[in-house]
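Undergrad: Chain by chain, the residues:
There are 2 protein chains.
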Amino acid sequence: MPPLKNDRYLRAILKQPVDATPVWMMRQAGRYLPEYLETRKQAGDFMSLCKNAELACEVTLQPLRRYDLDAAILFSDILTIPDAMGLGLYFETGEGPRFERPVQNKADIERLPVFDPEQELGYVMNAVRTIRKALNGDVPLIGFSGSPWTLATYMIEGGSSKAFTKIKKMAFAQPELLHMLLDKVADSVILYLNAQIKAGAQSVMVFDTWGGVLSPRDYQLFSLQYMHKIVDGLIREHDGQKVPVTLFTKNGGQWLEAIADTGCDAVGLDWTIDIADAKARVGDKVALQGNMDPSMLYATPERIRQEVQTILDGFGSGSGHVFNLGHGIHLDVPPENAKVFVDAVHELSRSQHQ
Amino acid sequence: MPPLKNDRYLRAILKQPVDATPVWMMRQAGRYLPEYLETRKQAGDFMSLCKNAELACEVTLQPLRRYDLDAAILFSDILTIPDAMGLGLYFETGEGPRFERPVQNKADIERLPVFDPEQELGYVMNAVRTIRKALNGDVPLIGFSGSPWTLATYMIEGGSSKAFTKIKKMAFAQPELLHMLLDKVADSVILYLNAQIKAGAQSVMVFDTWGGVLSPRDYQLFSLQYMHKIVDGLIREHDGQKVPVTLFTKNGGQWLEAIADTGCDAVGLDWTIDIADAKARVGDKVALQGNMDPSMLYATPERIRQEVQTILDGFGSGSGHVFNLGHGIHLDVPPENAKVFVDAVHELSRSQHQ
Numbered sequence: 370m371p372p373l374k375n376d377r378y379l380r381a382i383l384k385q386p387v388d389a390t391p392v393w394m395m396r397q398a399g400r401y402l403p404e405y406l407e408t409r410k411q412a413g414d415f416m417s418l419c420k421n422a423e424l425a426c427e428v429t430l431q432p433l434r435r436y437d438l439d440a441a442i443l444f445s446d447i448l449t450i451p452d453a454m455g456l457g458l459y460f461e462t463g464e465g466p467r468f469e470r471p472v473q474n475k476a477d478i479e480r481l482p483v484f485d486p487e488q489e490l491g492y493v494m495n496a497v498r499t500i501r502k503a504l505n506g507d508v509p510l511i512g513f514s515g516s517p518w519t520l521a522t523y524m525i526e527g528g529s530s531k532a533f534t535k536i537k538k539m540a541f542a543q544p545e546l547l548h549m550l551l552d553k554v555a556d557s558v559i560l561y562l563n564a565q566i567k568a569g570a571q572s573v574m575v576f577d578t579w580g581g582v583l584s585p586r587d588y589q590l591f592s593l594q595y596m597h598k599i600v601d602g603l604i605r606e607h608d609g610q611k612v613p614v615t616l617f618t619k620n621g622g623q624w625l626e627a628i629a630d631t632g633c634d635a636v637g638l639d640w641t642i643d644i645a646d647a648k649a650r651v652g653d654k655v656a657l658q659g660n661m662d663p664s665m666l667y668a669t670p671e672r673i674r675q676e677v678q679t680i681l682d683g684f685g686s687g688s689g690h691v692f693n694l695g696h697g698i699h700l701d702v703p704p705e706n707a708k709v710f711v712d713a714v715h716e717l718s719r720s721q722h723q
Numbered sequence: 370m371p372p373l374k375n376d377r378y379l380r381a382i383l384k385q386p387v388d389a390t391p392v393w394m395m396r397q398a399g400r401y402l403p404e405y406l407e408t409r410k411q412a413g414d415f416m417s418l419c420k421n422a423e424l425a426c427e428v429t430l431q432p433l434r435r436y437d438l439d440a441a442i443l444f445s446d447i448l449t450i451p452d453a454m455g456l457g458l459y460f461e462t463g464e465g466p467r468f469e470r471p472v473q474n475k476a477d478i479e480r481l482p483v484f485d486p487e488q489e490l491g492y493v494m495n496a497v498r499t500i501r502k503a504l505n506g507d508v509p510l511i512g513f514s515g516s517p518w519t520l521a522t523y524m525i526e527g528g529s530s531k532a533f534t535k536i537k538k539m540a541f542a543q544p545e546l547l548h549m550l551l552d553k554v555a556d557s558v559i560l561y562l563n564a565q566i567k568a569g570a571q572s573v574m575v576f577d578t579w580g581g582v583l584s585p586r587d588y589q590l591f592s593l594q595y596m597h598k599i600v601d602g603l604i605r606e607h608d609g610q611k612v613p614v615t616l617f618t619k620n621g622g623q624w625l626e627a628i629a630d631t632g633c634d635a636v637g638l639d640w641t642i643d644i645a646d647a648k649a650r651v652g653d654k655v656a657l658q659g660n661m662d663p664s665m666l667y668a669t670p671e672r673i674r675q676e677v678q679t680i681l682d683g684f685g686s687g688s689g690h691v692f693n694l695g696h697g698i699h700l701d702v703p704p705e706n707a708k709v710f711v712d713a714v715h716e717l718s719r720s721q722h723q
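Here the protein sequences line up with chains P and U, keeping their order.
For the first sequence, position 263 (counting from the first letter as 1) is numbered 632 according to my numbering, and the numbering increases by one without interruption.
For the second sequence, position 121 (counting from the first letter as 1) is numbered 490 according to my numbering, and the numbering increases by one without interruption.
Some hints here could point you the wrong way.
Any copy will do: because identical chains look the same in the list, a pair fits if it lies in one copy or spans two.
[To be verified] Cross-link-like lysine-lysine pairs, in silico, PhoX-like; alpha carbons within 25 Å at most:
1. Lys708 x Lys535
2. Lys538 x Lys619
3. Lys475 x Lys538
4. Lys538 x Lys708
5. Lys553 x Lys598
6. Lys384 x Lys538
7. Lys531 x Lys619
8. Lys535 x Lys619
9. Lys535 x Lys475
10. Lys535 x Lys420
11. Lys502 x Lys535
12. Lys502 x Lys611
13. Lys567 x Lys611
14. Lys598 x Lys538
15. Lys531 x Lys475
Because the hints were derived from the structure by calculation, they are not lab data.
Okay, chain P solo, but in the shape it has when bound (with noise of 0.2 Å):
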């Protein structure tokens, strides 16, 4: 593999002096940008498009020709795993993701395989190998899947859910089963991410979507425990470079000290939390990864531009600091916002890194 021509993102990651802050957006492959859905057209659906490693590919390049992104981000879905293990994912048109069989109660749980990613998720594992191939060495390639918890939510629910009604049913009066559950989902997750950190990703982040909806004892009991394991459980050098590890629980502001005391390398922070507050909470511990609110990109350019330099300022000078939107960019944002958001954190932050 060529020497990586643009280590902003990895450095900063890890703490180490950059030029200017690294830049990339989440779901920065997608819907707002019409390339995507021309790609997206060609390959029939969504779970085609990722299945299909050429094209995966080509919409995961599509946002690094149009914004000097300073990292990629896999072209995949979370809901990858439990397909895998045989739930039966299936996309209903404006209803999101379904499962056909859904987790319902001990027989599903014991049923589950723990499954060979390289088998089951080949897929995945070539879309990796053919973006790092792609990529040429210019920027990092990020890997990822969902935590244990947020993953258990659609599998029990059978798909997005505003209550989780059945997965907390379980877990108030059936503990022990969700446990079973989530230790399973937890092994599978590493199983995956340390193969596509063998494949090449170069940076593995693992999205806590769901884990904010749960009181501080369960978010412990019930989501941060598992992404615990599954930190422990990572490949954290590959190829004698770093493989940092970044956890993202959305809502989950209040919880810092105990996300940076997993020992992951850096923190995702939605757009609730000051990331001046952040960083002086973990700071020490952990690099931050966010946190400009993603319908911030409706506004003016002079407007996002403000709200760049505001958060620039919160996080101050030095380096740990990875800018990115506090959620997925929404899919009806003007494509050329986004790049004045992108130029705006590297013109703008140059000055706190001299």
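For this one, chain P is given, so just place chain U on it according to the hints.
TA: Using the frame of chain P, we list chain U on its own:
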């Protein structure tokens, strides 16, 4: 009016000694009760139930017949204000509330009337008077309103929302317009709550269901600032009695200090914060209301009692705690579990008040 027989709720919210921790449940008059469904059928639809003082009184009292609750809360909806402002509230089956004429531009905002709540929302004041009379001093009656930000989300989005795209576009691209709207709504909330107080509400609560989707800066600017204005504009003493005010921002745990600084009497807590932390942070300034995960009512009686004990232990000794769920009771919880919850609060808290 007869003197209060049970003043635990008012005493606790004013941090005066109590014999046991008072408890009520957000949305305690609601769809989880078969007798509510019966009365609602009789009324026709949801808004007809709100507009019929006798039937609104009936459903307000229903949970008090089943459970040993320490407060009643007016049965109504937060969207009565925008409805009275002429937006045309209606309910689409399975879709939640909708407005026929959402607020889209400056002219729409300028056109909004500052209404007389005794005229335009006379049905609410009739309900308050009817309920207060029927309560006959058993427990105090809580009045309520949505927060300006929360009401504005519905007024601008035209109904419920997930990404709050339209209001955030306005907040970031035309903030002066949004401030004009929020200011008008805040004035209306003040008139509305003061009319409820004059009609007999003995305490009022402001529900900021959606303040938690904002960044800390934007929360201060677009939500908290206007709740502060409301606190300043409310009648705080009526008929020789203090009228306590509670502010509740869902997902607002990170901003408790700022909320407590408004001069409110109590801060509502959802279940994502440890009540011991909340007490340490703002317990010298305000009472706390909350904070059990409403989904805990799916659990066994033993588990519910255990959770009540944990939260009571978290708050510790002394007054200043009004027990509640961290959000509205779910529509599919067994009514008998709500009884376990309410009784557990009284039984398990007595030793902490000796």
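Undergrad: A separate judgement is required for each hint: does it hold in the structure or not?
TA: A quick look at each hint next to the structure:
Taking the closest pair of Cα atoms, Lys708 and Lys535 come within 25 Å of each other only across two copies (22 Å); inside a single copy the shortest separation is 41 Å, beyond that limit. Taking the closest pair of Cα atoms, Lys538 and Lys619 come within 25 Å of each other both inside a single copy (22 Å) and across two copies (22 Å). For the homomeric pair Lys475 and Lys538, the shortest alpha-carbon distance inside one copy (14 Å) is at most 25 Å, but the shortest distance between copies (46 Å) is not. Taking the shortest Cα distances, Lys538 and Lys708 sit within 25 Å of each other only across copies (18 Å), while inside one copy they are farther apart (44 Å).
In this homomeric assembly, Lys553 and Lys598 come within 25 Å of each other (Cα to Cα) only inside a single copy, at 11 Å, whereas the closest approach across copies is 51 Å. Taking the shortest alpha-carbon separations for Lys384 and Lys538, neither the intra-copy value of 42 Å nor the inter-copy value of 35 Å comes in at or below 25 Å. With identical chains, the CA atoms of Lys531 and Lys619 are at most 25 Å apart both within one copy (15 Å) and between copies (15 Å). For the identical chains of this complex, Lys535 and Lys619 are neighbours both inside a copy (20 Å) and across copies (22 Å), given an alpha-carbon limit of 25 Å.
Taking CA atoms no more than 25 Å apart as the test, Lys535 paired with Lys475 passes inside one copy only; the shortest distance there is 14 Å, against 44 Å between copies. In this assembly of identical chains, the alpha carbons of Lys535 and Lys420 never lie at most 25 Å apart, being 30 Å within a copy and 35 Å across copies at closest. Neither within a single protomer nor between protomers do Lys502 and Lys535 lie at most 25 Å apart by alpha-carbon distance, with minima of 43 Å and 41 Å respectively. When the C-alpha separation of Lys502 and Lys611 is checked against a cutoff of 25 Å, the pair qualifies only within one copy, where the shortest distance is 19 Å, while the shortest distance between copies is 71 Å.
Proximity of Lys567 to Lys611 under the C-alpha cut-off of 25 Å is restricted to the intra-copy arrangement: shortest distance 13 Å within a copy versus 67 Å between copies. Taking identical chains as interchangeable, the C-alpha atoms of Lys598 and Lys538 lie at most 25 Å apart only when both belong to the same chain, with a minimum of 24 Å there against 40 Å between chains. When the C-alpha separation of Lys531 and Lys475 is checked against a cutoff of 25 Å, the pair qualifies only within one copy, where the shortest distance is 24 Å, while the shortest distance between copies is 33 Å.
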